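For reference, the chains in residue letters:
Protein chains: 2
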Amino acid sequence: MEEYATAELLDSELVVRSQKEASTIYNKGFFGEPQSGGSLKLSMIEAVFLINLGRLNVTEAGEALEIKDIMRYAADSSPEFEIKYIVYSDLRTRGYVVKAFSEQNVCSGIDFAVYPRGGNPKMPAEYWTIAISERARFSIDELQEQVKVASGVRKKLMLAIADEEGDITYYEVSPSNPKGKVEKAKLPATGAMMLKDRVFLWDEKVAEAYLRPEFYGKPLGKGIQLSLVETAHLMKKGALQVMDGRRGKPIEYDDFVKKARRIQHDFDLRLCVYEDLKSRGLIVKTGFKFGSHFRVYRGDPDKCHAEYLVHALPSGYKATWPEISRAIRLAHSVKKEMILARISESGIEYVLMGRARP
Amino acid sequence: MEEYATAELLDSELVVRSQKEASTIYNKGFFGEPQSGGSLKLSMIEAVFLINLGRLNVTEAGEALEIKDIMRYAADSSPEFEIKYIVYSDLRTRGYVVKAFSEQNVCSGIDFAVYPRGGNPKMPAEYWTIAISERARFSIDELQEQVKVASGVRKKLMLAIADEEGDITYYEVSPSNPKGKVEKAKLPATGAMMLKDRVFLWDEKVAEAYLRPEFYGKPLGKGIQLSLVETAHLMKKGALQVMDGRRGKPIEYDDFVKKARRIQHDFDLRLCVYEDLKSRGLIVKTGFKFGSHFRVYRGDPDKCHAEYLVHALPSGYKATWPEISRAIRLAHSVKKEMILARISESGIEYVLMGRARP
Numbered sequence: 036m037e038e039y040a041t042a043e044l045l046d047s048e049l050v051v052r053s054q055k056e057a058s059t060i061y062n063k064g065f066f067g068e069p070q071s072g073g074s075l076k077l078s079m080i081e082a083v084f085l086i087n088l089g090r091l092n093v094t095e096a097g098e099a100l101e102i103k104d105i106m107r108y109a110a111d112s113s114p115e116f117e118i119k120y121i122v123y124s125d126l127r128t129r130g131y132v133v134k135a136f137s138e139q140n141v142c143s144g145i146d147f148a149v150y151p152r153g154g155n156p157k158m159p160a161e162y163w164t165i166a167i168s169e170r171a172r173f174s175i176d177e178l179q180e181q182v183k184v185a186s187g188v189r190k191k192l193m194l195a196i197a198d199e200e201g202d203i204t205y206y207e208v209s210p211s212n213p214k215g216k217v218e219k220a221k222l223p224a225t226g227a228m229m230l231k232d233r234v235f236l237w238d239e240k241v242a243e244a245y246l247r248p249e250f251y252g253k254p255l256g257k258g259i260q261l262s263l264v265e266t267a268h269l270m271k272k273g274a275l276q277v278m279d280g281r282r283g284k285p286i287e288y289d290d291f292v293k294k295a296r297r298i299q300h301d302f303d304l305r306l307c308v309y310e311d312l313k314s315r316g317l318i319v320k321t322g323f324k325f326g327s328h329f330r331v332y333r334g335d336p337d338k339c340h341a342e343y344l345v346h347a348l349p350s351g352y353k354a355t356w357p358e359i360s361r362a363i364r365l366a367h368s369v370k371k372e373m374i375l376a377r378i379s380e381s382g383i384e385y386v387l388m389g390r391a392r393p
Numbered sequence: 036m037e038e039y040a041t042a043e044l045l046d047s048e049l050v051v052r053s054q055k056e057a058s059t060i061y062n063k064g065f066f067g068e069p070q071s072g073g074s075l076k077l078s079m080i081e082a083v084f085l086i087n088l089g090r091l092n093v094t095e096a097g098e099a100l101e102i103k104d105i106m107r108y109a110a111d112s113s114p115e116f117e118i119k120y121i122v123y124s125d126l127r128t129r130g131y132v133v134k135a136f137s138e139q140n141v142c143s144g145i146d147f148a149v150y151p152r153g154g155n156p157k158m159p160a161e162y163w164t165i166a167i168s169e170r171a172r173f174s175i176d177e178l179q180e181q182v183k184v185a186s187g188v189r190k191k192l193m194l195a196i197a198d199e200e201g202d203i204t205y206y207e208v209s210p211s212n213p214k215g216k217v218e219k220a221k222l223p224a225t226g227a228m229m230l231k232d233r234v235f236l237w238d239e240k241v242a243e244a245y246l247r248p249e250f251y252g253k254p255l256g257k258g259i260q261l262s263l264v265e266t267a268h269l270m271k272k273g274a275l276q277v278m279d280g281r282r283g284k285p286i287e288y289d290d291f292v293k294k295a296r297r298i299q300h301d302f303d304l305r306l307c308v309y310e311d312l313k314s315r316g317l318i319v320k321t322g323f324k325f326g327s328h329f330r331v332y333r334g335d336p337d338k339c340h341a342e343y344l345v346h347a348l349p350s351g352y353k354a355t356w357p358e359i360s361r362a363i364r365l366a367h368s369v370k371k372e373m374i375l376a377r378i379s380e381s382g383i384e385y386v387l388m389g390r391a392r393p
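From first to last, the protein sequence lines are chains A and B. If you're matching positions, the first sequence starts at 36 in this note's numbering and goes up one per residue. If you're matching positions, the second sequence starts at 36 in this note's numbering and goes up one per residue.
Among the clues, some could well be false.
Identical chains share a label here; the pair holds if one copy fits it or two copies do between them.
[Stated by the list, open to error] With a straight-line cut-off of 30 Å between C-alpha atoms, the simulated DSBU-like cross-links for lysine-lysine are: (1) K313 - K240; (2) K191 - K76; (3) K293 - K353; (4) K183 - K284; (5) K219 - K257; (6) K284 - K103; (7) K183 - K63; (8) K253 - K63; (9) K157 - K103; (10) K134 - K183; (11) K134 - K253; (12) K371 - K353.
Bear in mind the hints are in silico, worked out from the structure with no lab data behind them. This structure is a prediction, so every number in the text was calculated from the model and none was measured.
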């Protein structure tokens, strides 16, 4: 049976003084920071974890401290201690070597460097990890910044979301650059009719050319029905002239966009991302069934499944984590990748969010 | 090849005058309402569908009307015509006999009676169906009312949600009465510690009794971590005394609830549904991973999967349909049933929302 090491709590530092104990603790799991002279400095999180493992006692002024007291002490000394501890403990239990970033390095809110199983802290980290409470707010701007920082030094960014029972869901987040190989259709100019919030194209022969190879619209009777973004896009290209179905008069592009905005408050966001995805050679259809803006195909929808679900978000967008969690889980369950498209003044940035299984 | 029948448009009524044509149209698909004298009155929706099938021409004052003109006419005469038409057409194409409820009967907003394939409108309807645009607002109160009306006459209620491309997702909605068979634990009174938004119970032996058979909490180190609703429930039962982890002082139940509300703005809703589900003999755990409030087990979670995802909603709750769609889709993809728990002054009503495949 393993013997307990003892750490002393003094001036909010935890030190294992015995050289023998210090080296045992460090060598089995790379806990703490070895000090000159052979002692070992432990962080609060490491200490709590080692106590729970039965490898450590902590004393203060010669008296043994209980785990409760140490938890209280740790919680006092660090905000979000309980979330960080839960994530740390989970990763350590899975066999990873985990090191907290020192306070100076947390400019982007990244909490841990996670080293491969059987590895050590001198190797390159496998993940950079952020510990997040399910109750924290999701911010696309913060996430985008963190993705940039991590991918800039070629680190995989992993988010660890702890739910209210302490169960953790891991997400891997990375920059994305979706590309397809769909040929552009030759579209005959034609007329279509707008009825309330829908646009119908009734010419049977023309409908064919719109349906393939670019898969505009959806068959309805002998014609097709077009979505609002498809219609705007086709009007812009000069292919489509739209009539107001009730008044029987043509609608100009600008007026159509105004109507579309009234029907769909986030129409501009959608159109912006729709057109960017089209320009990348992708087939873009509504993602309603999956609760997202678009489902996106890299090739012929009759031959392959949609590969991505894409959701358009403005910079500054915030949400609750359960919403994000649901979106990723859903994408995952239908074997698609979830991509958030963040629209800012400098353009569109795509961020892929997938479930990770560390 | 089938011959065209001709309907005349007069004073906003559509009538097939020829007795022979009228009986052909009626007998193959039960379109229209046979009139005394042998003629057949058609609704606009039926007419548009028959035109698209190539079975009908429409004339007005002796002149043939184009499909475009009839669509415009129909859209003018009925709000939401385009949505209703899309759903009608989809169900008819799937082989169902579909009849619109006459205007007088639409108190609950139910649009169609759907009769079994190969059946006729004199049989009991298989579904009552509501045609809804993805862009309409979801209202739990309206839905609850519609479920009541339909289930009161033993009809299955089916919602047909048309997305922006006219693709339809069907949901079957019914009252639910979830029940389980979990034995109640004998819980030793004990202390726990609240640290920020989490509650920890450190006593190893006591933790065992909480973990089984009722599955309170989640193991963390040697103890367990409890959720806020679990903690409140256990305090109410007199099993748990909670200490404030930082101040080291006991927290009264009322103060705990105040703290919990600050952490989780919908805490009261959650607790209310949590306690009702517990009283029904169910195991209730967080549904965070699935984007809902709870996942619910009818038996031992080690032996069976969670059967339901339950989301607590206040009466008056509204949402967008894509949100609801996402929740149901997700539940379905993980083989669970989605239940909405509507909390009103008269109690909690459970509504099961499943995908339908008509």
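For each hint, the structure was consulted:
no.	hint	in the structure
1	K313 - K240	within (24 Å within a copy, 61 Å between copies)
2	K191 - K76	within (28 Å within a copy, 67 Å between copies)
3	K293 - K353	both (26 Å within a copy, 26 Å between copies)
4	K183 - K284	neither (49 Å within a copy, 44 Å between copies)
5	K219 - K257	within (23 Å within a copy, 62 Å between copies)
6	K284 - K103	between (75 Å within a copy, 13 Å between copies)
7	K183 - K63	neither (34 Å within a copy, 63 Å between copies)
8	K253 - K63	between (62 Å within a copy, 27 Å between copies)
9	K157 - K103	neither (33 Å within a copy, 72 Å between copies)
10	K134 - K183	within (21 Å within a copy, 57 Å between copies)
11	K134 - K253	between (53 Å within a copy, 24 Å between copies)
12	K371 - K353	both (23 Å within a copy, 29 Å between copies)
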